[in-house]
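A.B. asks: If you want the building blocks of each chain, they are given just below.
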Amino acid sequence: MELVLWLGLFLPLAGALLLFVCHNFISRRNTGIVGCSLVFFSFLCFVKLLYEYSQGIYLPEVTLFSWIQIKGFDADFSLHLDHLSLLMALIVTGVGFLIHLFSIGYMDHDEHFVRFFALLNFFIFSMLLLVLAAHLLVFFIGWEGVGVASYLLIGFWYERPAASKAAKKAFIVNRIGDLGLLLGILLTFHIFGTGNIHEICRRAPLEFTVGAPILAAIALLYFWGATGKSAQLPLQTWLPDAMEGPTPVSALIHAATMVTAGVYLVVRMNPIYTTAPAVLTLIGYVGAITSLYAAFSALSQKDLKRVLAFSTISQLGLMFLACGVGAFYAAMFHLTTHAFIKALLFLSAGNVVHMLSGETEMDKMGGLFQKLPKTAFLFLIGALALSGIAPLAAFFSKDLILEEASLTGYTTLYSVGLLVTVLTGFYLIRAYCLTFTGASRVDAKLWKNLHDAPSVMMIPVTILALLTLFGGLLGYASSVPPLLMSFLDKDSQAFFIKALAFGFHLTTDVWFSLAASIAGVGLAAFIYTNFRERLSRGKLAEFLYQSFYINQLYAFLIVRPLQFFSQLSSKIFEPKIFEGIIPVCTHVTNSTSRVLQELQSGQIRSYISWIVVGSAILLVYLVFEGFYA
Amino acid sequence: MTLYNPNLLTYFLLASSMDLSFYIFVSMALFAIGIIGVLSKRNALIMFLSIELMLNSVNLLFVAFSYSWGNSVGLVWVFFVLVLAAAEAAVGLAIIINLFRSKELVDVDQYNQLKG
Chain V
1 MELVLWLGLF LPLAGALLLF VCHNFISRRN TGIVGCSLVF FSFLCFVKLL
51 YEYSQGIYLP EVTLFSWIQI KGFDADFSLH LDHLSLLMAL IVTGVGFLIH
101 LFSIGYMDHD EHFVRFFALL NFFIFSMLLL VLAAHLLVFF IGWEGVGVAS
151 YLLIGFWYER PAASKAAKKA FIVNRIGDLG LLLGILLTFH IFGTGNIHEI
201 CRRAPLEFTV GAPILAAIAL LYFWGATGKS AQLPLQTWLP DAMEGPTPVS
251 ALIHAATMVT AGVYLVVRMN PIYTTAPAVL TLIGYVGAIT SLYAAFSALS
301 QKDLKRVLAF STISQLGLMF LACGVGAFYA AMFHLTTHAF IKALLFLSAG
351 NVVHMLSGET EMDKMGGLFQ KLPKTAFLFL IGALALSGIA PLAAFFSKDL
401 ILEEASLTGY TTLYSVGLLV TVLTGFYLIR AYCLTFTGAS RVDAKLWKNL
451 HDAPSVMMIP VTILALLTLF GGLLGYASSV PPLLMSFLDK DSQAFFIKAL
501 AFGFHLTTDV WFSLAASIAG VGLAAFIYTN FRERLSRGKL AEFLYQSFYI
551 NQLYAFLIVR PLQFFSQLSS KIFEPKIFEG IIPVCTHVTN STSRVLQELQ
601 SGQIRSYISW IVVGSAILLV YLVFEGFYA
Chain D
1 MTLYNPNLLT YFLLASSMDL SFYIFVSMAL FAIGIIGVLS KRNALIMFLS
51 IELMLNSVNL LFVAFSYSWG NSVGLVWVFF VLVLAAAEAA VGLAIIINLF
101 RSKELVDVDQ YNQLKG
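Residue numbers (the working numbering), protein chains in the order written: chain V, 1 to 629; chain D, 1 to 116.
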């Protein structure tokens with residue numbers, strides 16, 4: 001059983017290495033087979049483990065080898081599979097496999113087909129390492145591996161300046177977050193003397209009183225890391241730009257898996273967070289503000305993928321909001337449903353983009369329902385599901401978050417959540433209307449040959465649509481605890497301290513949230529079917545389109561001063577100051593050595609004289625020392 | 001602190017019996033002669049002999065102290081020094097022979113190629 005776990009983890013890595021080594025002579029067909037099947041086998045491994053776990057057979061912590069052994073410090077390369085990481089691993093490999101399958105069709109004409117699959121496999125491996133890690137250092141390797149993979153995949157079309165710029169931006173902004181995580185890890189080592197995640201989680205509530213400042217510092221540093229990876233304010237700017245990568249990459253990295261790493265970190269460390277309630281509240285508010293910010297920004301985007309990117313940020317904000325009110329279970333539930341829905345939305349958007357030969361601007365779409373009816377239908381399912389229309393997946397999870405916020409007394413967070421629900425429905429249906437209904441703005445030549453995507457692309461999207469339709473049932477139960485909750489509750493950690501006794505129950509809150517989503521959806525549908533032609537872009541639209549000018553603000557506050565300083569260094573410091581100082585140093589060294597080299601005369605008798613003089617001085621010194629002592 | 005006694009020489013000359021001080025005096029004299037020999041002579045063989053003289057002056061001191069204190073540790077050291085001197089003779093003479101072969105000279109001042 002241990003072997004199954006190792007296989008599950010290392011099969012994607014094996015795939016990445018194999019493809020990397022063979023990239024010169026492997027055929028396209030075999031690349032697709034290797035890339036997809038290894039991830040699928042990895043998925044099967046975790047399904048097998050799921051079966052074992054459902055039988056009540058649990059794996060202990062497994063160690064592959066010991067890294068560093070110093071007294072009082074341990075660094076084992078060890079994994080721990082509990083229900084939380086099993087859930088994450090299933091999402092990563094399952095959704096990841098469907099995206100791999102989709103990529104075969106999507107990347108069909110790309111000449112770097114093999115490199116793409118090698119990187120996708122490497123990404124899956126890093127993410128698995130991250131979720132399965134039992135030790136903070138292993139976790140950090142996975143965390144960084146995900147960062148590297150995202151950098152390489154966003155910049156996959158590196159010939160395009162925008163893509164390589166976006167990749168650099170993603171990497172650098174993530175580094176800022178990683179600094180926080182690294183500091184948090186170091187502080188944890190210092191305080192707890194161990195890096196074992198489960199031991200830390202077990203000891204934190206026992207050894208510290210609620211509100212202990214040092215624990216709050218650790219929690220805050222971890223959250224700093226999470227804001228980078230999960231694109232929360234103030235480190236959210238990289239995610240919309242990351243849409244420069246191929247669409248399957250957006251689906252894989254920026255919707256289903258990578259960005260959830262931050263949420264996973266907070267949920268994983270929840271005993272620390274419940275011991276530091278002030279930080280938890282902060283997380284809730286940061287999540288709420290981010291969610292609102294991203295939802296507003298999404299209202300006015302012109303690029304189909306950027307709408308989805310902002311919606312991802314917004315939904316991640318909701319997950320952090322859930323964590324903030326202590327509803328870790330609700331956050332995980334929303335993470336799960338969001339993974340299905342966002343992958344569905346991205347892949348059906350990918351269909352559109354692929355069929356339009358890479359066009360992502362919604363100004364050049366419209367009326368596509370006539371040509372791509374299946375894709376349009378699948379996209380609509382995703383849009384309605386994420387808007388929170390019953391009984392699709394996100395209705396249950398979003399409603400649970402709102403209910404928890406309301407029940408725990410965070411009225412502000414609750415109302416923000418409701419507003420975000422309205423906005424979510426609005427921007428998603430707006431995107432749907434601009435893309436699929438109305439008059440076509442597609443190039444006439446392209447329009448003639450349009451048809452629905454090949455089945456290798458349609459099948460994964462259809463499976464995701466089914467998951468979207470029925471995924472909500474994981475968290476639905478009227479009297480007993482729902483499936484997902486009882487699954488996660490088996491973990492030894494006291495995970496869901498504040499969670500409600502069961503997930504879904506009909507209160508007035510449900511009607512509120514349902515009404516909110518219907519309002520958003522209906523309003524958008526009404527406006528964009530009847531008044532589309534009369535809509536003009538005002539200043540407000542431009543403000544939202546630029547997402548509150550935060551990029552420009554950062555450019556002004558951080559990038560410009562840095563550039564100014566580097567210019568200053570290269571124009572003044574380097575030529576004037578350093579190039580002036582260095583010759584002085586060499587001159588001093590040279591002249592000193594010229595004087596001293598006279599001593600090395602080659603005359604053996606002069607050396608002996610120096611020895612005698614030196615010995616005499618030493619002797620006199622020793623005698624006098626003895627004399628005065 | 002007899003080293004600083006201005007009447008050191010008189011003291012030794014007037015000493016009625018051959019006590020320890022006399023041996024120390026002879027040893028120091030031999031050592032000084034050795035040093036002067038090494039420093040002033042240019043002939044490699046003479047320098048070599050001077051070094052041997054210095055070693056033997058130390059040997060004399062060892063034996064004298066050993067006798068005076070009734071302790072055999074000094075005698076053991078003498079054998080070490082003898083072995084060292086033998087080894088030095090073997091190596092040193094070999095070097096001198098090789099030097100002579102290269103330039104047909106034993107004047108050390110002529111061998112000054114290794115200067116800075």
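FYI, nobody ran anything at the bench for these hints, they're computed from the structure. Every value quoted in this text rests on a predicted model; they were computed, and no experiment measured them. Watch out, some of these pointers could steer you wrong.
Stated by the list, open to error - Derived DEER-like restraints, expressed as beta-carbon distance ranges: (1) D:PHE22 <-> V:SER591: 17 to 23 angstroms; (2) D:MET28 <-> V:TRP610: 19 to 25 angstroms; (3) V:GLY193 <-> D:ALA87: 22 to 28 angstroms; (4) D:ALA87 <-> V:LEU186: 38 to 44 angstroms; (5) V:SER606 <-> D:VAL83: 28 to 34 angstroms.
Virtual Cβ for every residue (Gly too), placed ideally from N, Cα, C.
A.B. asks: For each hint, tell me whether it holds in the structure or not.
C.D. replies: To see whether the hints hold, each was checked on the structure:
1. D:PHE22 <-> V:SER591: 17 to 23 angstroms: violated (54 angstroms)
2. D:MET28 <-> V:TRP610: 19 to 25 angstroms: holds (22 angstroms)
3. V:GLY193 <-> D:ALA87: 22 to 28 angstroms: violated (57 angstroms)
4. D:ALA87 <-> V:LEU186: 38 to 44 angstroms: violated (58 angstroms)
5. V:SER606 <-> D:VAL83: 28 to 34 angstroms: holds (30 angstroms)
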